[in-house]
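Colleague: In full-length UniProt numbering, the protein residues as written are 1 to 63.
I should point out that these hints are in silico values taken from the structure, not numbers from a laboratory.
The beta-carbon is built from N, C-alpha and C at its ideal position, and this holds for glycine as well.
Be careful, since some hints might not be right.
SDA-like cross-link-like pairs, simulated, lysine to any residue; straight-line CA separation at most 25 angstroms [stated by the list, open to error]:
#1 17 with 52
#2 59 with 34
#3 2 with 34
Listed next, with one range per pair, are the computed distances between beta-carbon atoms [to be verified]:
#4 62 with 1: 15 to 23 angstroms
#5 38 with 13: 26 to 34 angstroms
#6 16 with 47: 13 to 21 angstroms
#7 36 with 7: 18 to 26 angstroms
#8 38 with 1: 16 to 24 angstroms
#9 63 with 26: 12 to 20 angstroms
#10 43 with 2: 33 to 41 angstroms
#11 5 with 43: 38 to 46 angstroms
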Amino acid sequence: MKQSEIKELSVAELQEKLGETKKSYSDLKLAHAISPLENPIQLRSVRRTVARIATELTKRELQ
């Protein structure tokens with residue numbers, strides 16, 4: 001997800017998306033540990049998406 005897409009979501013949607021993305025990341029990590037992924041860069045992009053969403057949630061809490 002891009003930062004512009006994340007900014008448009010509500011807090012509830014962000015929390016839901018954060019849970020989904022974290023689950024997706026853990027599934028990818030497990031699959032990669034068992035047998036290497038075709039595209040290991042996918043791990044990095046999902047991890048960064050988790051960070052973007054968490055950062056936006058923190059930013060909104062501080063406002």
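Colleague: Would you mind marking each hint as holding or not holding in the structure?
Modeller: Evaluation of the provided hints:
1. Of the supplied pair hints, the one linking residue 17 and residue 52 holds, its CA atoms being roughly 11 angstroms apart against a limit of 25 angstroms.
2. The suggested pairing of residue 59 with residue 34 is violated, with an alpha-carbon distance near 36 angstroms, which exceeds 25 angstroms.
3. Distance hint between residue 2 and residue 34 is unfulfilled; the C-alpha atoms sit about 30 angstroms from each other, more than 25 angstroms.
4. Checked against the hint of 15 to 23 angstroms, the C-beta distance between residue 62 and residue 1 comes to roughly 21 angstroms, which is consistent with it.
5. At roughly 30 angstroms, the beta-carbon separation of residue 38 and residue 13 lies within the given 26 to 34 angstroms, and the hint holds.
6. The hinted range of 13 to 21 angstroms is satisfied by residue 16 and residue 47, whose Cβ atoms lie roughly 18 angstroms apart.
7. The given range of 18 to 26 angstroms is broken by residue 36 and residue 7, whose C-beta atoms sit roughly 35 angstroms from each other.
8. Between residue 38 and residue 1 the Cβ separation comes to about 21 angstroms, which falls inside the hinted range of 16 to 24 angstroms.
9. Checked against the hint of 12 to 20 angstroms, the pair residue 63 and residue 26 fails, with Cβ atoms roughly 30 angstroms apart.
10. Between residue 43 and residue 2 the C-beta distance comes to about 18 angstroms, which lies outside the given range of 33 to 41 angstroms.
11. Look at residue 5 against residue 43: about 20 angstroms separates their beta carbons, and that is not inside 38 to 46 angstroms.
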